[in-house]
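Chemist: Knowing the structure of chain A, use the given hints to seat chain B on it.
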Amino acid sequence: MRDPDILVIGGGPAGMSAALEAARSGLAVELVEQRESLGGAIYRQPIEGVQVIPQSAGARGRWAALSQAFSKAAIPVRFGSVFLGVDGHGYVLVENRQNGLVECLSPRAVVLATGAVEHVHPRPGWQFAGVSTAGGLQVMMKETGTAPRGSVLLAGSGPLLIAVAAQMARLGNPPLAIVESGDPYRRIMPGLSMLGFPKLLAEALGYLKDIHLHRIPWLRGSRLVRIERQGERFSAVVRAGDGSQSTFVCDRIGLHDGIRPNDYGLPQASSEAAAGPVILRAGDCREALGAIAAEADGRRAGRLAIQGVAASAADDIGKIDRQRRAQALLARLFAPVDDRSALDELADDTLLCRCEGKTVGDLRNLCQRVDSLTGREVKHNGRFAMGACQGRFCAANTAALMARFKPEAPASSAADLTGRRWPVRPVSIGALVRAASRDNDTQ
Amino acid sequence: MTEDTFRLMGRTISFRAGESIAAALQAVGVLTYGPDALGNETRCFCGIGACQCCLVRVDGVVREACITLARPGMSVEPMERRNA
Numbered sequence: 001m002r003d004p005d006i007l008v009i010g011g012g013p014a015g016m017s018a019a020l021e022a023a024r025s026g027l028a029v030e031l032v033e034q035r036e037s038l039g040g041a042i043y044r045q046p047i048e049g050v051q052v053i054p055q056s057a058g059a060r061g062r063w064a065a066l067s068q069a070f071s072k073a074a075i076p077v078r079f080g081s082v083f084l085g086v087d088g089h090g091y092v093l094v095e096n097r098q099n100g101l102v103e104c105l106s107p108r109a110v111v112l113a114t115g116a117v118e119h120v121h122p123r124p125g126w127q128f129a130g131v132s133t134a135g136g137l138q139v140m141m142k143e144t145g146t147a148p149r150g151s152v153l154l155a156g157s158g159p160l161l162i163a164v165a166a167q168m169a170r171l172g173n174p175p176l177a178i179v180e181s182g183d184p185y186r187r188i189m190p191g192l193s194m195l196g197f198p199k200l201l202a203e204a205l206g207y208l209k210d211i212h213l214h215r216i217p218w219l220r221g222s223r224l225v226r227i228e229r230q231g232e233r234f235s236a237v238v239r240a241g242d243g244s245q246s247t248f249v250c251d252r253i254g255l256h257d258g259i260r261p262n263d264y265g266l267p268q269a270s271s272e273a274a275a276g277p278v279i280l281r282a283g284d285c286r287e288a289l290g291a292i293a294a295e296a297d298g299r300r301a302g303r304l305a306i307q308g309v310a311a312s313a314a315d316d317i318g319k320i321d322r323q324r325r326a327q328a329l330l331a332r333l334f335a336p337v338d339d340r341s342a343l344d345e346l347a348d349d350t351l352l353c354r355c356e357g358k359t360v361g362d363l364r365n366l367c368q369r370v371d372s373l374t375g376r377e378v379k380h381n382g383r384f385a386m387g388a389c390q391g392r393f394c395a396a397n398t399a400a401l402m403a404r405f406k407p408e409a410p411a412s413s414a415a416d417l418t419g420r421r422w423p424v425r426p427v428s429i430g431a432l433v434r435a436a437s438r439d440n441d442t443q
Numbered sequence: 444m445t446e447d448t449f450r451l452m453g454r455t456i457s458f459r460a461g462e463s464i465a466a467a468l469q470a471v472g473v474l475t476y477g478p479d480a481l482g483n484e485t486r487c488f489c490g491i492g493a494c495q496c497c498l499v500r501v502d503g504v505v506r507e508a509c510i511t512l513a514r515p516g517m518s519v520e521p522m523e524r525r526n527a
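Residue numbers (this note's numbering), protein chains in the order written: chain A, 1 to 443; chain B, 444 to 527.
For reference, chain A alone in the conformation it holds in the complex:
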């Protein structure tokens, strides 16, 4: 089989529109998708026989148009395949999980469209089974058409929490409450400015209507400070803005403190790579601005991939700029009411790195050494960001805490901790060795 000219990683809106745009040139384009269906997290498709969960008219229309155009273009998709990285020789390594083989591809350009991950602040007890991200609960609803069972508490900050709450209500199990650290009702100016984004506003009002109809408490200006096991259930301690505490007994908890690019370990974007393919990023993994911007950014990257030069269409850039303004407004609208950071009062035994079981106290000890440690040294000495998730759920929190524990030391970023190395996902050594020996055979 001939290697594709352009390889797109990720089958969400950014990847699909990048592939579509690139394929218009007549070049051979292929798309790599880790799951067995397209759509990404935002348009996660339901299994057969299950009703699509009610979404806004805008989102339904966008997916219908994108998926129809994509099937019409007949772009080959490598389903069940995971991008591992670009090796020193410029080979793009993809693990085909259907046959267990690692494939070494030599495309001329790679468009990385690996989407976003949720940002979650550490909280005591966030590691328990039954506590997941709110987005994780949402993709399960999209896939199965059923709400999570039992009494569910949603906590953190941002518009996604009200979307998940409304969707749960529509599926017959509204959450106990939404604990929101911000208070959009008190942010008059950004609230008024949202009038400039009527589609986003209509979507939000639709969710709020369901929340109101189902009498779901939206506890603004409040924080979930602790999760404890209570038999088979959880007791969740919530602190309100006035300092008063209340306890919720629940079966599941969904946490969400925003989204950020899923760019961990990805090779750097390059237009003129010395060896190997041109590497581009598109959509949320470049800048987390949501589905509308992702589709426009995908088109932009698709065109760049075929041209290899910095030419972009003004209407796509305009769309991306507009979504950037919308996201900045939303961030102000949902800014925490309490000035103290969610990281300030964490007890030392709070888990920080979920993969390696490292705690806030472990990091504090490292930061109390006479010599200031860099992000990389904190990784090597303390195992933060070293585990299987490659720092996706601890690197940003660890970097922020390092700055608090040792303000006089030079600030570290999440990327200082994680570094940029393949494989970006765990792969068996056997599969890599087989790929290497196949490579030698053909040389």
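Just so you know, the hints here were simulated from the structure itself, not pulled from any lab data. Since the structure is predicted, the reported quantities are computational estimates derived from the model, not experimental observations. Among the hints, erroneous ones may be present.
[Stated by the list, open to error] Just a few of them, taken from the derived set where beta-carbon distance is under 7 Å, the chain A residues facing chain B:
1. 47
2. 136
3. 143
[Claimed, not checked] A few chain B positions that, by computed beta-carbon distances, are all more than 10 Å from chain A:
4. 448
5. 450
6. 454
7. 456
8. 462
9. 483
10. 516
11. 517
12. 521
13. 523
[Unchecked claim] A few chain B residues facing chain A, derived, Cβ under 8 Å:
14. 452
15. 459
16. 461
17. 463
18. 469
19. 471
20. 486
21. 488
22. 492
23. 494
24. 495
25. 496
26. 503
27. 512
The beta carbon of each residue, even a glycine, is placed where N, CA and C say it ideally should be.
Modeler: Coordinates of chain B only, in the frame set by chain A:
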């Protein structure tokens, strides 16, 4: 209609065609899939294959339960076998 099933640590789990392992387990109320490499509970957290909290052995091969399709007759085991 015959239901499709797979095995989780000796238990028979029904699933619907197209469901991920994690979705099938959630549907029957199973939220933890045995000990992970640290001895903590294996569990679904991010749902999109990023956090690696739901790594299990599917017919011996390490996979994320949240993005791996359930297939008839497959065996799902924890990462580590420990003598309790």
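Chemist: Identify every previously stated hint that the structure contradicts and give their numbers, smallest first.
Modeler: 8, 9, 14, 19 and 26
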